[in-house]
Amino acid sequence: MKSCLIVDDSRVVRKVARRILEDLHFTIEEAADGKLALDACLKHMPDVVLLDWNMPVMNGIDFLRQLRRAPGGDSPVVVFCTTENDIQHIQEAIGAGANEYIMKPFDSDILQAKFAQVGLL
Amino acid sequence: MTGDDFDFLCRLLKDRSGLTLTRDKAYLLESRLLPVARKRNMKSLDDLIVALRGRPEGELVRDVVEAMTTNESFFFRDIKPFDQFKNFILPQLMKSRAQRKSIRIWSAACSSGQEPYSLAMLLSEEKAKLPSWTIEIVATDLSTEILEKAQAGTYSQFEVQRGLPIQLLVKYFKQQGERWQIDSGIRGMVKYRCLNLLDDFTAMGSFDVVFCRNVLIYFDQPTKTAVLERMSRMLPPDGFLYLGGAETVIGISDKFQSLPEQRGIYSPVISPSAMAQKLAAGAG
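Sequences listed follow chains A and B, in order.
Going by our numbering, the first residue of the first sequence is number 1, and it counts up by one from there.
Going by our numbering, the first residue of the second sequence is number 1001, and it counts up by one from there.
Quick caveat, the hints were computed from the structure, so don't treat them as lab data.
No experiment lies behind these values; they were computed from the predicted model shown.
All C-beta atoms in this analysis are idealised placements derived from N, C-alpha and C, irrespective of residue type, glycine included.
This list has only true hints and no planted wrong ones.
If you want a taste of the chain B side facing chain A, the calculated C-beta under 7 Å gives, among others:
(1) Gln1157
(2) Gln1161
(3) Arg1162
(4) Gly1163
(5) Pro1165
(6) Ile1166
(7) Val1170
(8) Gln1175
Build out the structure end to end from the sequences listed, making use of the hints.
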């Protein structure tokens, strides 16, 4: 079973994503901001991180940059999942090492398609 | 809707598009045709059926057929067929067509253009391997409305997230407000034509690869057989036909055979007479 860390400050979004990904047979961990996510990753690198952009304490892009610099931090597949839907944000995310990018709102079709694309399914 | 009305609509759709509508798909009539009725200020499906039973204007019939046959589509649908194209078909064609340096591809029933554009992007990514090659992608659909959408190459945020890798979105699309338009270079690689697969389409000439995925499922058996027979005349012996994952030629056509190890791809069966002609030509 593959593990997914869901990082989003909205409990509702985490719950929706959890339900979809559990159906796809992922084990789920949750984090409410980038700092908590980084702590979780340093303890145990997940196979994939589903990552919001705008969050308190530490945002998604700062988390991603720190993750990619951490030992073993190049291994998780990182899929952004954010309301930021302009090309500049997308390019910045790819530049920082994101593997895929989902523009909210999302549904199970999109999540499944994106996870399939990066070889997770 | 009465059983008689249902049969009437089935016959109409079958005659005009080849679509075979089974009872279990009756709900589609309601969900797809009500918008057509509303557009004409009709209150219900019954009003629409009355209009169709009278002497309907061609445009009404066309709208009904289009509404029932338009299917959603997404970029790089099912992924695997495109991997097979890149890793299996393209290398073969690059060898077998090395002299003439041209490849013709037909996307049959292309809907809103995601399939031909996926191929165009894939070929564009591979273009370093294909210097001075001519690639022609012909895409056809029954619906003029959907072809206009395909030609415009403009998609919603939802559509560009289904199957399209983010790197390709960034590389080949321009954001226009809430929508995304595929760039003119990619659009220019695809030629669109309005075509009904029930008609004789052999005048389009010969193709090296035909994509006919998730189309035959809407036809009854004799129609499937006839369409495959005509397609077999348009493919050279070393050409390729793609069908959808849930489709097969078994029991439908002896003009194609599945390729070992390449699920979903078929090659024309060379008939004994054609083989004899070939041998005779070789001997002469």
